[in-house]
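**Student:** Chains A and B supply the protein sequences, listed in that same order.
Be aware that the first sequence starts at 93, since it is given in this note's numbering, and climbs by one per residue.
Be aware that the second sequence starts at 8, since it is given in this note's numbering, and climbs by one per residue.
Derived by calculation from the structure, the hints in this document are not laboratory data.
Ideal Cβ positions, reconstructed from N, Cα and C, are used throughout, including at glycine.
One or more hints might be untrue.
Claimed, not checked - Derived DEER-like restraints, expressed as beta-carbon distance ranges:
hint: 1; chain 1: A; residue 1: Ser305; chain 2: B; residue 2: Val557; range: 28 to 36 Å
hint: 2; chain 1: A; residue 1: Thr566; chain 2: B; residue 2: Gly573; range: 28 to 36 Å
hint: 3; chain 1: B; residue 1: Ser205; chain 2: A; residue 2: Glu204; range: 19 to 27 Å
hint: 4; chain 1: B; residue 1: Val557; chain 2: A; residue 2: Glu206; range: 49 to 57 Å
hint: 5; chain 1: A; residue 1: Gly172; chain 2: B; residue 2: Met434; range: 43 to 51 Å
Claimed, not checked - Taking beta-carbon pairs under 7 Å as the criterion, some of the chain A residues facing chain B (in silico):
hint: 6; residue: Ala110
hint: 7; residue: Ala118
hint: 8; residue: Val226
hint: 9; residue: Thr512
hint: 10; residue: Ile553
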Amino acid sequence: MIRILNGIYKFLCSLKLAISVILVLAVSLAAATIIESIHDTQTAQYYVYQAGWFYGVLFLLAMNILVVALSRLPWKWSHGPFLLAHLGILVLLVGSWITARHGIDGMMRVTEGESTGVVEIQSPLLIVSDQSQVKTYPVRWVPVGVDFKPMQISEYDLVVQKFITHAEPKVSFLAAKPTGSKDATGFPALKLTIKGGPMQITQEYWLWAGHPSWSALQAGPSRLALWVPHLQTKDRKPPPVVPGQPTMIFSLGTDGSLSYSAHSSSNEVKTGKFAAGKMNGQVIDPGWRGNVSITINEFIPVATNDTRYEPSSLSDEQAPPSAIYVTAGGGGPDAEVWLGMGDRAVLNKNGKEISVAYQPRRVMLPFSLKLNRFEIQRYHGTNDPSEYSSQVQVIDSSQKTSQAPVTISMNEPLDYGGVTFYQSSYEDAQPRPITSIFSVNRDPGRWAKYYGSLFLVLGVIWLFAVKYFRNRKTMSQTKGAA
Amino acid sequence: MKKLLSVCTVAAILFQSVVFADEPAEKAAGEMRKGWNFSNARLIPVQSNGRIKPLDTYTREMVLFMTGSRSFQGWSATEFVFSLIGHPRVWTEKEFIQVNREDVRKQLGLDATRSRFSPGELLHKSYLSQYVQTVQDMSKVPANKLPPRDQELKRVMERVGLFRTIVSGDAWPVIPVKPPEPWMSLSSGDKENAEIRSHFAKMLLAYRSGDQAQFESSAQLAREAVQQAYVKWIPDHSTELKLEDSYNRMHPFMISWIFYLTAALLWLLMVTGATENKGALKKMAGWIKGGAYLFTFVGVLVHVYGFALRCYVAGRPPVSNMYESVIWVSLGVMIFGLILFFMDKKEKRQPILPAVACSVATLALIAADSAPAIMDPSINPLVPVLKSNYWLTVHVLTITLGYAAFALTMGLGNVSLFQYLKKDTGMGSSSDLTARVTALNQLTYRAMQFGVVLLAAGTILGGIWADESWGRFWGWDPKEVWALIALLFYLAVLHARYAGWFKQFGFAMWSVLSFLGVLMSWYGVNFVLPKGKHSYGFSSGGRGWVAFFVSLQIAYVLISAYYRYGGIQGILKKAKA
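Only chain A is shown next, with the shape it has when bound in the complex:
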């Protein structure tokens, strides 16, 4: 027994172990960067940075340093530089571990005039709810090429059958089944082809009145919108026309006719109308620059969104996020669905409705951040941003007085309630961007990392200085002796 312990002790305080761990770290980190360059950051994290064995190597390093340091007991002053430098590494490792366990590192997206307290963290979550409760289940992200083990959620009799790491949505709208079941409801959909423009592009677009993100969209420099006055509730206004921006608005009459108004960049308007059943195959000249023509391919009066996901051909940074395929009970009609990141759906299991949503993990802060204004400056004469900043206000109901507005800019973060907000990027838009993206961070291990760094650097300098002066001294001594 003692021999075994002694063996472990010898192993842990050997220089051989130290050098081997250093080399193993160097090689695996190099491999990680290559994986990252071929695929993406998440894949590198899966295989190396967040993998159990990598934590093991780091733990071995920490143990090695600790045991070596303890083996020098009782410590003398001459051990000082060695101890300080290696203590620095230990403290750094501890700090990183605290951050990994208890830190928050996410993103927050706010549009001017709105406020939010939601921080999104890059790990996918399945949210399931029925009438009585809401439950969340983390979905294990796996890189391309690794089999996804179907995930059973027995409480709801749900199974996450498939996982696509980078999923490309294949959107289509299908005519709703005319069967009289209670949700044979749908909304009008319009499939268009736009040809021409400055780049001579041919592109297809779907407009669908069922959801705001489908009823109006950006198509290159122009906007397209489908407006069904009799479907809208009172508070929804007709789609706006920005002066100077080419905009095409289709509106559906109660008689089933489709009329359009095309606004050009010089604010000229062309209008027209097609009678019910006469719109398919019609070609419209909206009078825009670049010989643009708009063809109506298909009009579906009552359509439902039928989105499927397929693996994307991309697997790098530009690749789309993941998607899952969920079934309820044994599956079947209305009991199986594809969910892309951010999608939600209702599954029907033996007449019981379960709603499922797939989204990044979200953390609610105890306060929210309101974006008053996003400002961007560009280098003169170019489109390259030179600086951008967000004027924000913290809204904290636990405080009696309201907070003064502050500006968050590059390198000037906002600290509030132990959380730090950094200006990270923005969503580009015309005529100016109004959505700011913050990186939001709570790092309880920060102090350890800073102290560790300080110890490490001071220790190394001390170590080398001692060596240099000792060397000088012995050299002059040998000289004196000679």
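For chain A, the structure is supplied; the task is to place chain B on it using the hints.
**Tutor:** Same frame as chain A, now just chain B:
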């Protein structure tokens, strides 16, 4: 350079027929105007790539881009561009547009043996016109993700386009407007600043008719008119413009490498002991020593001066791209060489140290100087995250100083290997090998210590900066990770040396090999693995040269090991143990 004009613009103007102004047959069309100095024209302010620069800088960038050469057939850049707009017909038939890759020449149906072609050939006698759509589609992909052949095809299109825009007046952004709108070119706009336009028209006429006095006076007026127009909105830049012009003409880093090269040769003379033997060299020993010191110091002074000038003109420390970091690292190599040299007592100073430092600095500066297409020497504005940040400057300068110390260890390690090789192959005397190598190793070890401290501190400072501006201390970003890997290599070497795993030969060998890690984190991450947050420094090109250097180093180490350990069996035996 890539932002000189967008591909859309190129396609729009490329194949429409431009009607040239009626151009009478002039005797000196397309020839240099002898004795003209363009001293006023050079200083006319233009706005390009987000900053105000002298016409000289702007035209140099254009000439480099079109011809691939810093000074095309001895033309001054400013005159060349005036000649293009003055005599477009002549230039349409002259071969000055470079097509770099043989496969692209073949693709375009051009003579594969030439590297420069006339715009006329490219437009009318090649397949270039068939690729307009292809090139337009490429503009959706970031340039460094395109295969090299497509990149070059795109650049050829842009080069021809640039010629057309110079001729049409579009590539002359000299008419100031209120920021942030871009300045207008000579051909755009109508009523505003008719004055500037008329001065340019006079300059052009004077250039064509060969009237130097008229050209100079119009250039002076144009320069003043542009200046008066822009000071309405932005601060006066005339001092910066003059300094930038002098920076352009002085070419300080070329001067310093010439001095370093001379100094290196003189130091080497002292190393070989030639000055101690009998003969003419012995008599000149004092002169050689004095000269070595003098050339080294003048080289450093010019280097520092050029560096300071560049900082002033750019309004920031030069830390943003490969070119700037090579300039800084070579200065760092000199500084460390001199520090280590003077750290020893006078009688113990080793001339090999400045010899190695001067050689490494010379090689680095020549590389930076001769590959403008890979290491872009133009001064460009910073991306937002790099702006106005104290930590950034400290972090980058510290890390790159660490690279400098390691570059010195690499140089010194190579010299040690050379000493072994000389003995092991029986080509040199082996009398004082141990003493020499011991001294060299001591220097290598010290330089490595500097490097480790600086790289560790710099990486940590990078963490502090990242914490301040991105919100995390460490994010496994490739550039961070490779700096750490390089550091780990050196830490392994230092620990192994401490453990006595290798003797002096092993230490020399590994101090050379570890530099490959530095090379990866310095060059490789930006040029080979372009991913991650340090993307502002990304570029492409030069892989062949770096691969050549890396294989040369590895081959050199292997050959030394082969002789030292007595053949391949010896190496394998050593590797097993």
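**Student:** Compare the structure with each hint and give your call.
**Tutor:** How the hints compare with the structure:
1. A:Ser305 <-> B:Val557: 28 to 36 Å: Between A:Ser305 and B:Val557, where Cβ atoms are some 51 Å apart, the hint is violated.
2. A:Thr566 <-> B:Gly573: 28 to 36 Å: Given about 34 Å between the Cβ atoms, the range holds.
3. B:Ser205 <-> A:Glu204: 19 to 27 Å: violated, 46 Å
4. B:Val557 <-> A:Glu206: 49 to 57 Å: With a Cβ separation near 53 Å, B:Val557 and A:Glu206 satisfy 49 to 57 Å, so the hint holds.
5. A:Gly172 <-> B:Met434: 43 to 51 Å: holds, 47 Å
6. Ala110: Holds. Min distance 6 Å.
7. Ala118: holds, 4 Å
8. Val226: violated, 30 Å
9. Thr512: holds, 6 Å
10. Ile553: Holds, about 6 Å.
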